[in-house]
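Undergrad: In order, the protein sequence lines correspond to chains A and B. Residues 1 to 368, numbered by full-length UniProt numbering, are exactly what the first sequence covers, in order. Residues 1 to 368, numbered by full-length UniProt numbering, are exactly what the second sequence covers, in order.
Treat the hints as calculated values from the structure; they're not laboratory data. We put the beta carbon where it would ideally sit given N, CA and C, even for glycine. Don't take every hint at face value.
Unchecked claim - Taking lysine to aspartate or glutamate and the DMTMM-like style, the derived pairs with C-alpha atoms no more than 25 Å apart in a straight line are:
1) A:Lys27 to B:Asp336
2) B:Lys42 to A:Asp24
3) A:Lys42 to B:Asp37
4) B:Lys94 to A:Asp24
5) B:Lys17 to A:Asp58
6) B:Lys40 to A:Glu285
7) A:Lys40 to B:Glu213
8) B:Lys358 to B:Asp31
9) B:Lys42 to A:Glu285
10) B:Lys333 to B:Glu312
11) A:Lys319 to A:Glu357
To be verified - Using C-beta positions, here's what the derived DEER-type ranges look like:
12) A:Pro54 to B:Lys5: 24 to 34 Å
13) B:Gly325 to A:Glu110: 30 to 40 Å
14) A:Val50 to B:Asp263: 23 to 33 Å
15) B:Gly324 to A:Val211: 24 to 34 Å
16) B:Glu110 to A:Gly150: 49 to 59 Å
17) A:Lys155 to B:Ala131: 54 to 64 Å
18) B:Gly325 to A:Asp7: 28 to 38 Å
19) B:Arg125 to A:Gly150: 33 to 43 Å
To be verified - Okay, the calculated bits of chain B under chain A, using three or more residues with CB under 8 Å as the criterion:
20) 22–30
21) 117–125
22) 193–201
Protein chains: 2
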Amino acid sequence: MTEFKIDITLTENPKQKPDFAHLDFGKNFTDHMFIVDYTKGKGWHDARIVPYQPITLDPAAMVFHYGQTVFEGLKAYHTSEEEVLLFRPDMNMKRLNRSNDRLCIPHIDEELALNGIKKLIDLEREWVPTAEGTSLYVRPFIIATEPYLGVAPSKRYQFIVILSPVGAYYKEGINPVKIAVERQFVRATIGGTGNAKTAGNYAGSLKAQEVAEADGYSQVLWLDGRENKYIEEVGSMNIFFKINGEVVTPMLNGSILEGVTRDSILKLLAHWNIPVSERKLSMEELYEAYQQGLVEEAFGTGTAAVISPVGELFWENEKLVINGGKTGELSKKLYDTLTGIQLGTESDPFGWTVKVEKQEPATLSQTN
Amino acid sequence: MTEFKIDITLTENPKQKPDFAHLDFGKNFTDHMFIVDYTKGKGWHDARIVPYQPITLDPAAMVFHYGQTVFEGLKAYHTSEEEVLLFRPDMNMKRLNRSNDRLCIPHIDEELALNGIKKLIDLEREWVPTAEGTSLYVRPFIIATEPYLGVAPSKRYQFIVILSPVGAYYKEGINPVKIAVERQFVRATIGGTGNAKTAGNYAGSLKAQEVAEADGYSQVLWLDGRENKYIEEVGSMNIFFKINGEVVTPMLNGSILEGVTRDSILKLLAHWNIPVSERKLSMEELYEAYQQGLVEEAFGTGTAAVISPVGELFWENEKLVINGGKTGELSKKLYDTLTGIQLGTESDPFGWTVKVEKQEPATLSQTN
């Protein structure tokens, strides 16, 4: 790869850190951010770490109008050995570029992006919380910045990384949630943007979520956009079911997001010799299995929540209670193993964790 | 309605106006902008006209991550009587709120929004170009501004209106364009956000457009997301076909945008006693009609281009040439009538145009 220089400007006004014992998700941000600019004809340039600060954009900046933007989400964990670990960050960088493809945003050098993330986290080491269930959430994103009202790919972008010390995503923690099968709204369809991590997918999902919450459900289960029949995702997570001893998750079909946690679970299950299949799963098939008492567990998976057990599924005026509304054994084992690997307390047979190395102090201050 | 006060701060550095004879679409902006803030619990507040200036947002502002944003597009025309006319702006304000519903953004008072637009245009009267085909493009939009990385509706928004003097949207002008029927990508599906004017729809459309352009086509014809069979829109316009004397446009089904120009054309055609129907139209049906020599005209409709005739349609390795690749008689008549009404040179039987009244100078400077 090309050697990229990352300039560092340190803040002169460090923030007071929030109470790490009571962290809300995604509301506190660290002292610095990482930025790289893109200009057509010049490529990505001016990689830099600067004090956390507002973004200033022309009101005609294309991100406001035509939504050309992608993002990623990953976490850094503080280990008992005073190390900071990232979990499979290469997967996030690869997905970022797949999202870029779909959104007509130029590829970013994955090593540059990851180096910037590591340097930034290293600088913010004191912001990585240590309590159980907490972590430093890493949010890389790209926005189209050219001021132009024509519908076309932007000629300018910014890649930005911000960091947020977080507690658990769901206040319920690892406790099971109740979800409603969505019949009116659709998250994504084949040929659309469902497998890209782009803002519009999330904007479009809010209405169904709002309706479900008003009915007392914390998430919706999305069905496919073509036939409204096959299970796709739950809220903003992938979904797994344990049916009659076999773990089933919807196969990647172009409208389902390729979750890093999803992939990790598939690999763990295979490693444990637990039968697992990625395939089409219709709500009808699930219901039939439920009636036969064969639906043993259900859980959503994602970076924010890791594993989120599903205790109840609302479908056609019927409440399907799964595993007595309690967290299943496998769900718990997967959660413990994954978070254990992430925290460095469990062995890491796949080499998933990546250590954030401490920089030489000299390097750090060199460009300050 | 509640009486809203609009504060005005005039610029101290008026820009040099661009060459009105050579205006690109959406690249030049006027001296001022209109802003209204929204805060949960307080509603919309602080309506103001200020000098055109950058928007400053926290990097965690939700618009960058979850795409909660809607917009509108309308035009102000300079008449030969030195008046400035808007075309059916009430339709845009109503649609803005329908988009808001879908995106979980709070309704804005339509009269407040329209008053702000009128006051802003009045102030920028000298920016309304006079040459044929030119106009002042009005872009109202709403963005979610709360800094929060959770997937939920924002608690803060800004409604912003910017103005751009524009030439013709397509360099081809009223000349026919070549379009390709899109088979791989999907713009929207029922249950999604297709009938809302929101950024994500446009972001998702760029890829197909890029592929089509590389193949020498200026737009794509979108088919439905469920069966990939029924015609929906063309590029970012609605689509009409004249088949055997009858004008046909896809019926509004929840995934098609309810265009103001589309509605105006339906009303004009009915007024002229030309047979017209809103219904499902499959590509197969169109192809069959084409083979029988019955497809007489095709045109896209939208605020930016008004009428954009389609001269050629690429479908399954075949080029369907419509009306010899020339602008059809009805397309031309609709274009002339609509632009005539918009410019005040044709009679306005439906009362579609709305005059931008001149403010008393006293009112203008009062809050300056």
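Undergrad: Evaluate each hint against the coordinates.
TA: Status of each hint after checking the structure:
no., hint, verdict
1, A:Lys27 to B:Asp336, "violated (54 Å)"
2, B:Lys42 to A:Asp24, "holds (24 Å)"
3, A:Lys42 to B:Asp37, "violated (37 Å)"
4, B:Lys94 to A:Asp24, "violated (37 Å)"
5, B:Lys17 to A:Asp58, "holds (18 Å)"
6, B:Lys40 to A:Glu285, "violated (43 Å)"
7, A:Lys40 to B:Glu213, "holds (18 Å)"
8, B:Lys358 to B:Asp31, "holds (18 Å)"
9, B:Lys42 to A:Glu285, "violated (48 Å)"
10, B:Lys333 to B:Glu312, "holds (20 Å)"
11, A:Lys319 to A:Glu357, "violated (49 Å)"
12, A:Pro54 to B:Lys5: 24 to 34 Å, "holds (28 Å)"
13, B:Gly325 to A:Glu110: 30 to 40 Å, "violated (46 Å)"
14, A:Val50 to B:Asp263: 23 to 33 Å, "violated (48 Å)"
15, B:Gly324 to A:Val211: 24 to 34 Å, "violated (51 Å)"
16, B:Glu110 to A:Gly150: 49 to 59 Å, "violated (27 Å)"
17, A:Lys155 to B:Ala131: 54 to 64 Å, "violated (27 Å)"
18, B:Gly325 to A:Asp7: 28 to 38 Å, "violated (55 Å)"
19, B:Arg125 to A:Gly150: 33 to 43 Å, "violated (25 Å)"
20, 22–30, "holds (count 4)"
21, 117–125, "violated (count 0)"
22, 193–201, "holds (count 5)"
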